[in-house]
Amino acid sequence: MTTMPDNALTAPLATALDALAEAEGFTWTRDAHGNAYGWLRLAERDTLPEAARLLAEGGARLATVTAYDPVREPGVPRQEIAYHFDVHGTTLTVTVVLDPECPSVPSITPHFRNADWNEREFMEMYDIAVPGHPNPRRLFLDEKLDAGIMNTIVPLSTMTNGASTQDLWERILAARPGDKA
Amino acid sequence: MSTPDSTTQTWTLPVGPLHVALEEPMYFKLDVDGEIVRNVEITAGHVHRGMEALAMRRNLFQNIVLTERVCSLCSNSHPFTYCMAVEHLAGIEVPARADHLRVVAEEIKRTASHLFNVAILAHIIGFKSLFMHVMEVREIMQDIKETVYGNRMDLAANCIGGVKYDVDAELLAMLLAGLDKVERNAREIYRIYASDPMVTGRTTGIGVLPPDEARRFGVVGPVARGSGLAVDVRRDVPYAAYPQLSFDVITEEGCDVRARALVRLREVFESISIIRQCVATLPEGAMTVIMPEIPAGQSVARSEAPRGELMYYLRTDGTDIPNRLKWRVPSYMNWDALGVMMRDANVADIPLIVNSIDPCISCTER
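From first to last, the protein sequence lines stand for chains G and E. First residue of the first sequence? That's 116 in the numbering used here, and the numbers climb one at a time after it. First residue of the second sequence? That's 3 in the numbering used here, and the numbers climb one at a time after it.
Since the hints were made in silico from the structure, they are not lab data.
Over 12 Å on every C-beta distance to chain G, these chain E residues come out as not near it, computed from the model:
id	residue
1	Phe30
2	Arg40
3	Ile127
4	Lys130
5	Ser131
6	Glu138
7	Asp145
8	Asn153
9	Arg154
10	Leu173
11	Leu174
12	Tyr192
13	Gly203
14	Phe271
Covered, in the sense of this in silico footprint (three residues per stretch, anywhere, with C-beta under 8 Å from a C-beta of chain G), are these stretches of chain E:
id	region
15	49–62
16	91–102
The beta-carbon is built from N, C-alpha and C at its ideal position, and this holds for glycine as well.
With the rest of the complex left out, here is chain E (with noise of 0.2 Å):
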């Protein structure tokens, strides 16, 4: 602690870089009353690569592998929305047999993200055989990943005009079994979250952001829904197959830490869904189109990440590198939103309230 400011009676206490929830980096200078914090200032930087600046010099196919490799957590979501930018510009329709396949990859994604940040909550509260019993059950993803792409983090799913990877009968079949043994354990794991006394006495009233302040910041994803904002790009600018599915928005009132991990876990059961639905009309057909002249021009895609909205801009001079290109990941409202939730909360619960926003650090400085 540094010194004691004489005026106020408040002290500064920093937290991080390297911080106890995190594997990233992130810096965080509190000033607290007692226990109790009154105010956050966010540093942020740590682990900037100048990515952005790298994809200006690599051509349209190349930066297919470097976003992929912006974050790992939603690692299928960077292709696959920079993808979209480049069908969008150049017109390209992509056949309905990658749609399905890209919704397929992309909630596989989403599921062992979203186990992954529940998880992470039992370990810092300490329920460290919840947090073992909810990894062994993201395990199951990890495994599919590896049976059908090859890969436990970077799927490489994703090309311009539609997808890399097929599946057959039996890939489904084993996609199909996986899912089942997921969601019966991810009912209990559901129960334990919800009603679990030691759970909802450390999550419940924690790290609260009102609906007015959610919409003030532009917060997306399960901080935005855990709110009660219905936001979901899924649903509201429709892409790749989602169209064709059925699907809920899935919110929760609370506006908490509980709240926000109820909206991921009951996310899981409605991914687990569309992938079943992809599965059962998946249509025949080809798995790309080829490539055209990628003209001179600009153009937005949007895509809901498992942390929410995930947008990339793209803009070409005609040459097969972009003149300029941009990507805001979902997290980069979230961080700043931080300091509401963190405002009058105890120290102790810090590394729940980061947690409970699912923080990307390396998405978010690329």
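Looking at chain G on its own, in the form it has when it is part of the complex (with noise of 0.2 Å):
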């Protein structure tokens, strides 16, 4: 389904919105009780802050945010943020495509101060900087973990081994009480 079901959002609103999009516009898909769920994948990350404003002035509500990697495939990095907005009952899905070697994003904090926790959530797990965030220390993660914990694909196979670092053994073999004798 790709045209707007009634009512979904205001002429105006769908209209500026459609305007920051990808060629294809809104896609728009209904669960089995009728509500409304709509897909948009912006042509430029830039226009983010923009199209955030146009939300939050139509009343919307900023749901949660979704920082993925839609490949998942080692040694192909890539990465994209779906932001999540209920408005007024109609789902929306706002997503951004991040520059794999640069991956940013600025901060809709300005228009949506809960984006706070979810923007703080997706720079640790998936090492993403984000200009112009009032708060940028960590969420969960402690400071001494390094960022991106969620970018890193471990084969199974690997996983299973119990494979370590060297460093570790080393330091095994160093408190051995046999050597320092």
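Make the complex out of the two chains shown on their own, each in a separate frame, by following the hints.
Written out as structure tokens, the structure reads:
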């Protein structure tokens, strides 16, 4: 279904958002109970604050944000971020594609106060920079851990072999009492 | 207490990570001026388990088991909403009987969860006999869960395309008798929370979250409804059997700890009414449909968990392992809004204010 269901978004908001989108514009899905879900991919990630402003003025609520790797193949870094909004009962997902060389996306906290935690979460989990964030400290992960832990793809065989770094064994060997003498 | 800041005359008071009101860890750094809180900084992450990374290592069936273990008090809402996301993506239509049984499981959990939260309120203010009494009433719901589902917390009620449990006349009679007992007791409990001076004296005007701040932080569930916002996913984005059921969206105007407790208690009566309607109109028919092949795609599903809107986002790539599964729990925004509720509060009221958002840390951190 690609035509917008009745009353899902107001016409000015739909038109303004459509102007920022990739060529195909909105796509729409419905669940078994007839609720409408809109999907929109922005042509340029830098227009995200503009889209956020339009949505905030249209009475939208930021529900959550999902960063993800759409391919999940080792050696092919790609990242996208899906911003999920509730617009008077319609669920609207606005997606931006990040630059794999330098993943960065502007903060939408000026328009949605509750973007604060969401942005901090993908900053630490996916190592994505968020220029303009008012409080860019860690949310869940300790400072000692590297950012971008969710970008790490460990093959199952490596994980089940219990592969460990050389460093650990060197420390164990160094601590053996017999070797000190 | 750490050193005072000589320019502002405030002190830094650490509360947590192990906290008097909660069994789970959360760290609050409070700037206090005498007994009054001036600023709050929250440090989370003490029980972060990387469950979203685990979800990308499990197939679509295994994730039902995983999501049921995100949190105990809303353990039914997670697999329920996750299954709805899969069903939305694959265009699966759930049989009417299963839709009703899903609502029964959800409302049983909501009743028990709300009673638990208001019981802890009584515990915090030192009203131990009330705490024991509410927990005793909640125990009736626990007995119902154990009898109908064989489990007191994780019901394992949902599967993709329907439910895994059926009820017969004997079970339904037991369920309805239990609800009658809970309803009788809940009326008296509601009266105590609404009018007993011991309770109202500690809860009125405490932890205020004005409606505009509630909107700004995007809070949901009883926290939003206690600030007068009539938001409820069951009505706003109807799912399962809710479109066929009649119930009120409960709101209170107090914006304080008392308002949030009263919303929860009044919702107990709505839940009981919803379960009775489901039992009275329970359609015959299949429990589940045969699961089709799940195509590549993306979907969102939302439900009203006991603490408010729960949202699942699912991406699939044509295999049986999700490309991404993300969920956002109601406590997520409610935590951040604590900064507003605690500002200018008395230090002694902090456990009460934290408890009033019915916080779930294992949910929030995943």
